[in-house]
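Since the structure of chain A is provided, determine the placement of chain B on it from the hints.
So the protein sequences, as listed, match chains A and B. Numbers 1 to 262, taken from the UniProt record's numbering, label the letters of the first sequence in order. Numbers 1 to 262, taken from the UniProt record's numbering, label the letters of the second sequence in order.
Worth double-checking, as some hints may not be accurate.
Which copy is meant is left open, so a pair is good if it fits within one copy or across any two.
[Stated by the list, open to error] With a straight-line Cα cutoff of 30 Å, these simulated DSS-like cross-link-like pairs (lysine-lysine) come out:
{"#": "1", "residue 1": "K151", "residue 2": "K215"}
{"#": "2", "residue 1": "K151", "residue 2": "K100"}
{"#": "3", "residue 1": "K237", "residue 2": "K145"}
{"#": "4", "residue 1": "K215", "residue 2": "K55"}
{"#": "5", "residue 1": "K55", "residue 2": "K151"}
{"#": "6", "residue 1": "K145", "residue 2": "K215"}
{"#": "7", "residue 1": "K91", "residue 2": "K40"}
{"#": "8", "residue 1": "K18", "residue 2": "K139"}
{"#": "9", "residue 1": "K139", "residue 2": "K2"}
Note that these hints are calculated values from the structure, not bench results.
Each chain is listed here by its residues.
Number of protein chains: 2
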Amino acid sequence: MKEALSPQNIRNNIRHGKHDGNTSGYANGFVQGNIVILPKEWANDFLLFCQRNPKPCPLIGMSSEPGDFLLTEMGQDVDIRSDVPQYRIFKDGLLTEEVKDITTYWRDDLVTFVLGCSFSFEEPLIADGIEIRNITENKNVPMYKTNIACKSAGRFSGNMVVSMRPMVVADVIRAIQICTRFPSVHGAPVHFGAPEEIGIENINVTDFGDSVTIKPGEIPVFWACGVTPQVALEQAKPPFCITHSPGCMLVTDIPNSKLSIM
Amino acid sequence: MKEALSPQNIRNNIRHGKHDGNTSGYANGFVQGNIVILPKEWANDFLLFCQRNPKPCPLIGMSSEPGDFLLTEMGQDVDIRSDVPQYRIFKDGLLTEEVKDITTYWRDDLVTFVLGCSFSFEEPLIADGIEIRNITENKNVPMYKTNIACKSAGRFSGNMVVSMRPMVVADVIRAIQICTRFPSVHGAPVHFGAPEEIGIENINVTDFGDSVTIKPGEIPVFWACGVTPQVALEQAKPPFCITHSPGCMLVTDIPNSKLSIM
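So here's chain A without its partners, still in its complex pose (with noise of 0.2 Å):
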């Protein structure tokens, strides 16, 4: 039911507090995105934070002006005051609220920031046969802070939120050829394997999400992730920043396929 409801009759039905939980499962095919939303003199740091580090923080959409809050390329009348299920507000670093509609927060000089996210690459991944556990056993993917550092960018650093999938190694590689096509949804894997080779200790302690069953003959594989951003937004602090509640992502109009490169 819920794979076959159109984009624009999710944002309808968020818009109009139908609809306030996550959008995992939602409206199958179409690209759904992270949401960053920034004071203008925060906005540059931040796009050149992006441009430094493609992998977890794949820009595919922003504001066309400071102010603007109608994101016309993400799809049709996309109003991103009101058309994301829950939203996180952000005062110098620290998480303040979690409101379902930022229409009274909206400032002229905020700039919106659009990630691609990890949706659009599950889909064809399951397509090909592949199982994705936190899908299967109804969870969120399992996320871990790595000791990979970002590139830094003006006041943004950070090191590298990784989301995790454990597969047997022909999924491997299946896997990173079909992910190599959507740069723009973190692309390949940035590790498979020993994890504290990237510096997490424990792979059943997960620092966001929970955690999944790794069965014998499987292998933890590493995808940049889109939570990268919000450590780094945490770090900078800076005085106002409105992000997306995980899992609660703004869906557009893109049908996933338009961001393979092939």
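Below, chain B alone, put in the same frame as chain A:
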């Protein structure tokens, strides 16, 4: 020096007895081919075997009709009777002779098959900064019989032979990406990590070629190998068959880049 020789120069030297060793490292940038020559009545089975097992048996050329010894699609003036440095003659599946010219063995019913070779993908890996251990150590690439069954075709069957190159995780990911672009020279690896999962008992004991050093932190990566059809031929035991000697390939005029699918 040898890298800079043109394919035509090398074939001319070979034809006139001035080069009779292996062709590794010669004519950088040009495709080299594994050779299988069979009587017409065995050719269809072998063609089907290649079609069903494209990773170990990637067919890049064949003679236009039985008895035809000129392979013009492979290069200027290519004569398969004289342009390979060393050949192996098999009778009833048994190696009977190694010779430097097969003109006196030629028959009107012989069909020639040219199969892609790993030399073509080692080159873009090296260009990308990945160390190829067998080249660094000046050895023949290590090859192993596996328990991976090929798909049978008529009288041909057998298990896959793989070549192995050790590398660190980041290079494995990159090598999978690069080799995926070259499906007609074995394409992406078929396995990495635990050798026992594909029936290799001792990674230091090769079935063909030499063993190479695997350093701490490196993972053995396995590619489908062009020696696979030789094993299938030994099992099928056609009354007559000719192949190249390992490492002594047909040097073609085809640029490696022509085999890249993107």
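(message) Check the structure against each numbered hint from earlier and tell me which ones fail, lowest number first.
(response) Violated hint: only 2; rest satisfied.
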